Each structure stands twice: as structure tokens, then as C-alpha cells.
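Enquirer: Listed here are the chains, written in short residue letters.
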Amino acid sequence: MNIFEKILARASERKEVTPGEIVEANIDMAMIHDLTGPLTVDSFRKIGSGRVWDPKRIVVIFDHLVPASTIRAATLQKGLREFIKEQGIQSLYDIGQGGVCHQVFHEKGHVRPGELIVGADSHTCTYGALGAFATGIGSTEMAAVFTTGKMWFKVPKALKVQATGAFKRNTTSKDLILKIIGDTGEGGAIYKGIEFTGSAFTNMSIDGRLTVCNMVVEAGAKAGIVPPDNRTITYVKTRTKRSLKPIRSDRDATYEDTLEYDVSRLTPQVACPPSVDNVKPASELSNVKIDQVFIGSCTNGRMEDLRLAASILRNREIHSDVRMIVSPASQEIYRQCLKEGLFRIFMEAGAIVTNATCGPCLGGHMGLLAPKEVCISTSNRNFIGRMGSPESEVYLANPATAAASGITGNITDPNELRRR
Amino acid sequence: MAISGKAIKFGDNINTDVIIPGKYLESIDPEELGRHALEGLDPTFPQRAREGVILIGGKNFGCGSSREQAPMALKSAGVRCVIAESFARIFYRNSINIGLPALECSEASEKVQEGDLLSVDPKNGTIEVSSRGLTLKAFPLPQFILNLLEVGGLIPHVRGLIGKQ
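Read top to bottom, the protein sequences are chains U and W. If you're matching positions, the first sequence starts at 1 in the working numbering and goes up one per residue. If you're matching positions, the second sequence starts at 1 in the working numbering and goes up one per residue.
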């Protein structure tokens, strides 16, 4: 069996499962946030069981509209806090305690390799970077999980990505996943699991793996997993004292298809509006003028990303027609940025640094776009109206490309930026 | 359970951001959400859907975010059933869970025309285009999903499981 089948077999207490089969599985961990949580609570109350199945397996993270952007958001957040207290849920990361859910959830030790995790957010697939089977679900589905601790799954078919080689300067795992989505298409991996293997992945940092797994849902995948290795175990062990039972694919595991990549041939890529699979090399887009840069999100708001952006922005200034928003993905990353002096670099370049939030990425609050405005963003979606007006446009890129574009005012391959 | 209504057609990759933009997510009121359904693509959609319609999509319908507000907005606007070549999995589950039937049919986006009067049988997986005498084949819904829809979605289903009904 492959890793997807083995995790689902374990979670559904079966010896073996096969693709297409429907299994009822026990959920190891469940996550909600301030936008999907209130609807989960509403459905949970309608079900009427009174108590959640296991308060220790539930994590709540406030990140989408934080600090509350409207009275309505504040009211929903207040209701969610009351629910958490009433149910005895301990793992609450309120405003000031956490940050973006798909950073905080693993940073605080809630992911272990081999676990089955559901989150009421489509980018829950991020945790596959640590060897877990993690996938997004809706709010009512989550209310059912809160009640029973179980959920039905169709065992997915699996794809394997085999990537070799070393990334070139200013080219990152973001460019690889954009390239993959460009190749498979928006729905190209629909209902499937994607396992990421090869030397490019064994040599890849945890931050880089998180970026890749974060975006598998943009190809329609149910989950993406990097097989757990020493790097995974080291990371997880610094985050949790709970025991680990990693699961890996069997040697004779089967896959529907294998896609091969040599990352040393990759250059910085950009997903052009209005779909994530509309991917072109950054160097071909130098005529695209931009109004805003967003560096942050559950895709690229981590330490490695902010260091990369800072390396481009150091001793440089943002173009006078451009505004740049930098959002570290968590309080921990925020503190580390302070320690390393990255905020000084961003601010001297002319950027604004916000608290850890999803706000700009989903057009929720802070940095919404006006009609006809163009943003280059390190986030994961460029759909019509994603970051504001339906007439605005979003281009997706790695943090070096986003930073370089902020300096020139046009989309810029960071390797073509004039040397200082 | 037969479902009928006029067809309204959209293309491939209709994502949840255009079905209901992020700025409306601080609402969980179906009626309010319905007033903004699909406004990113067609601001007149809520008026057109009011009489009760069947939505036809292409590939990967409902891709993007896990927001349950997306099928809620469609259902509340007047959509009785969504038929697409394929669905993004979270949208599909959300739809069924809130009691909005979702059917996969490889030929609907090609053969159904805007405004056709359709009659859908989710159990047998048939879509009758009565205005033109056509019958299309959809993937029939498995029994456990039909059961979910028959009781009105996941909430009544789980209520049943825990002995609340």
C-alpha cells in the first residue's frame, strides 16, 4: 500500500484498503478557525449532542479576520470563544497567541506523521509536509466530526512526483509546485493523493515542503504528502512530546502515474490571473505593472520566505507607485524576524509589516484591491475578486519574485534585478 | 426524488471565491448569502435563480476554499441541484451535507442549453431534457448519499445516529 492507503487503513482499523473503497475513519486531530468555526458551532448546536467527542483533539485558531475587522466578525469570534470555554477545548490560539492556522497548527506540535487530520479550511493539506494525511472539510462536516470523531473517506488514487536536482538561486519550492499545477491543470489531481519523493524533497527544508503541500488543493488533490524522514522527525520532536509512529509507503506501493521534475532547470514562475494553473516564467511578464505586493500567507509567510524577501530588499527601496504588505505567518516567526532585524529591512525599503493574519490573501481585510489594480502575491489563489474588487488581478509568485517586482514596479525575475 | 427546473450554465473551474466572495464570509445567514451568490461572475444570478433552477457546470466545479457558504448561497438563491462534469471534493461533500444534490455527468455541459427544462433523478442518475426529448446519463448517487439527501443533509443524519430523532 502507498502512504495514503496505509494511513486510511490504520485510521479505519483495517488491514488493507484499496482506491475507490469508502471507509469510515477515526479522526486524530480537527481544526477550525474564526471564519469556518462559527458555522461549525451553529451546525453542532443543531445536531444537539451537547459535548464534543474529544476536546483534546480539537484545535481552534483565530487568523482570518484578526484583530476583528468589523463588529460582525467580533461578534462571531466572541461566540466561538464561548463555545471553546464551554466545551473545555484547551488548544485555542487567540489573537496574539498564534497566527495563520497552517503555520501555528504544526508549530505548536499538533501534527504527527501518520495521523489523519481534518481542518475546516481547504489548505489543511499543508500538514502533509510532515507525513500526515491532512485534508480540508466544510463546517457541517466538522460539526459531525466534533460529534462522532469519525468521517467517511473514499480511498484516493495516488500520483507520485519524483523531483531531483538542486534549486537555482532565487528559485524555490513555490516555483516547483506552480510548475506542477501548471502541468496538471486546476483540476488535474482531483480526488487524488500526491506523494512527493526524490532528492529535491529529501534536501528540502520543512518550510519548503509546507509550501508545496499547501498548494496541492489548487490541483484538486485531496492530500499531498512528503514521506517522513529524519528532517521531519527532528522538526516534530522539537514541537511535541507525544510519541511518534511514522508511516511510509511500501516498496511495492502502486501509483496511478509518476511525474518527473529536475528542479535545477526551473526558473522563477508566476501564476497569472484568473487561475492557478495559468503559469508562466516571471521573465516573460516584465510588461505587467503592479500596484501592490503581498508577502505572507500559509503558503509563503514563513522564516525562510521572509529571509529570502529581505535578501532582495536589503538596501533597496520599493517603487514609488507600489505598496508592499508583509505578514509574518505566526507570532513565533514575528519574534524571529525582530531578532534577525528583518523588519528594519522591510520598513527601510518602504513596506508595511502587519500582524500574522490571512486578511489580505482572501480579500478579508487589510490591503483589499480597487478595480483595475494589480497585486503580486506569495499566497495561493488568484481567482476573480480573491483579494478585493472582481476587476482587480492577482499574480502568484515566490517571495524573491514578489520582492523584486516591488522594487521595479513591474513583474520581475529576481535574477534579472540589477546588481548593486 | 425527482428534481426539476430550468438550466443555468457556467463553465469549467467555477471556484468558491466567485460563488461567494471572502468579504461575505462573516455571514452565516443563508438568505443574505443567497443575495450575493455568483455575483463575481453574474450579478443578475440571484434574480435569475429565484424561480428554482438547476445549475450546470463543467470540470472541477466548486474548486478553492472549504467555505460551506458557497453551496449555502447557491441553495438559498434557488439552486435545486448542481450538475457538473466533475466537482472539487470539498464543495461536493459540503453540497450533499447541506442537502443540495450534486451529480456528476460528463455530457451535461455540452448537451444542455441555457434555459432547458430539466428533470433529474439522482437515484437512477438520469437527466431528462424534456424541452428537447433528450435523456442524459449521470453517475447515480450511492445509497448512503441518497440516504443523507433524503433526510435533508448531514445534520439530521447525525441526529439520527445519536438517537435524537
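Treat each hint with caution, since some may be false.
Straight-line Cα separation of at most 30 Å, DSSO-like style, residue types lysine-lysine; simulated pairs [what the hints assert, rightly or not]:
| no. | chain 1 | residue 1 | chain 2 | residue 2 |
| --- | --- | --- | --- | --- |
| 1 | U | Lys85 | W | Lys164 |
| 2 | U | Lys56 | U | Lys150 |
| 3 | U | Lys157 | W | Lys123 |
| 4 | U | Lys108 | W | Lys23 |
| 5 | U | Lys85 | U | Lys339 |
| 6 | U | Lys85 | W | Lys23 |
| 7 | W | Lys9 | U | Lys289 |
| 8 | U | Lys372 | W | Lys9 |
| 9 | U | Lys372 | U | Lys280 |
| 10 | U | Lys150 | W | Lys164 |
| 11 | U | Lys78 | W | Lys23 |
| 12 | U | Lys78 | W | Lys164 |
| 13 | W | Lys23 | U | Lys157 |
| 14 | U | Lys56 | U | Lys85 |
| 15 | U | Lys150 | W | Lys123 |
| 16 | U | Lys46 | W | Lys123 |
| 17 | W | Lys164 | U | Lys46 |
| 18 | U | Lys154 | W | Lys164 |
| 19 | U | Lys339 | U | Lys168 |
| 20 | U | Lys179 | U | Lys154 |
| 21 | U | Lys56 | W | Lys164 |
| 22 | W | Lys164 | W | Lys123 |
| 23 | U | Lys46 | W | Lys9 |
| 24 | U | Lys372 | W | Lys23 |
| 25 | W | Lys137 | U | Lys289 |
| 26 | U | Lys168 | U | Lys6 |
| 27 | U | Lys237 | U | Lys85 |
| 28 | U | Lys56 | U | Lys154 |
| 29 | U | Lys46 | W | Lys23 |
| 30 | U | Lys56 | U | Lys237 |
| 31 | W | Lys9 | U | Lys154 |
Since the hints were made in silico from the structure, they are not lab data. Keep in mind that this is a model prediction, so the values were computed, not measured.
Enquirer: Take the hints in turn and mark each one as holding or not.
Expert: Against the structure, the hints:
no.	hint	verdict
1	U:Lys85 <-> W:Lys164	24 Å, holds
2	U:Lys56 <-> U:Lys150	15 Å, holds
3	U:Lys157 <-> W:Lys123	25 Å, holds
4	U:Lys108 <-> W:Lys23	29 Å, holds
5	U:Lys85 <-> U:Lys339	34 Å, violated
6	U:Lys85 <-> W:Lys23	28 Å, holds
7	W:Lys9 <-> U:Lys289	34 Å, violated
8	U:Lys372 <-> W:Lys9	27 Å, holds
9	U:Lys372 <-> U:Lys280	21 Å, holds
10	U:Lys150 <-> W:Lys164	18 Å, holds
11	U:Lys78 <-> W:Lys23	19 Å, holds
12	U:Lys78 <-> W:Lys164	28 Å, holds
13	W:Lys23 <-> U:Lys157	35 Å, violated
14	U:Lys56 <-> U:Lys85	13 Å, holds
15	U:Lys150 <-> W:Lys123	26 Å, holds
16	U:Lys46 <-> W:Lys123	27 Å, holds
17	W:Lys164 <-> U:Lys46	11 Å, holds
18	U:Lys154 <-> W:Lys164	27 Å, holds
19	U:Lys339 <-> U:Lys168	28 Å, holds
20	U:Lys179 <-> U:Lys154	28 Å, holds
21	U:Lys56 <-> W:Lys164	25 Å, holds
22	W:Lys164 <-> W:Lys123	27 Å, holds
23	U:Lys46 <-> W:Lys9	34 Å, violated
24	U:Lys372 <-> W:Lys23	18 Å, holds
25	W:Lys137 <-> U:Lys289	48 Å, violated
26	U:Lys168 <-> U:Lys6	35 Å, violated
27	U:Lys237 <-> U:Lys85	29 Å, holds
28	U:Lys56 <-> U:Lys154	26 Å, holds
29	U:Lys46 <-> W:Lys23	25 Å, holds
30	U:Lys56 <-> U:Lys237	19 Å, holds
31	W:Lys9 <-> U:Lys154	29 Å, holds
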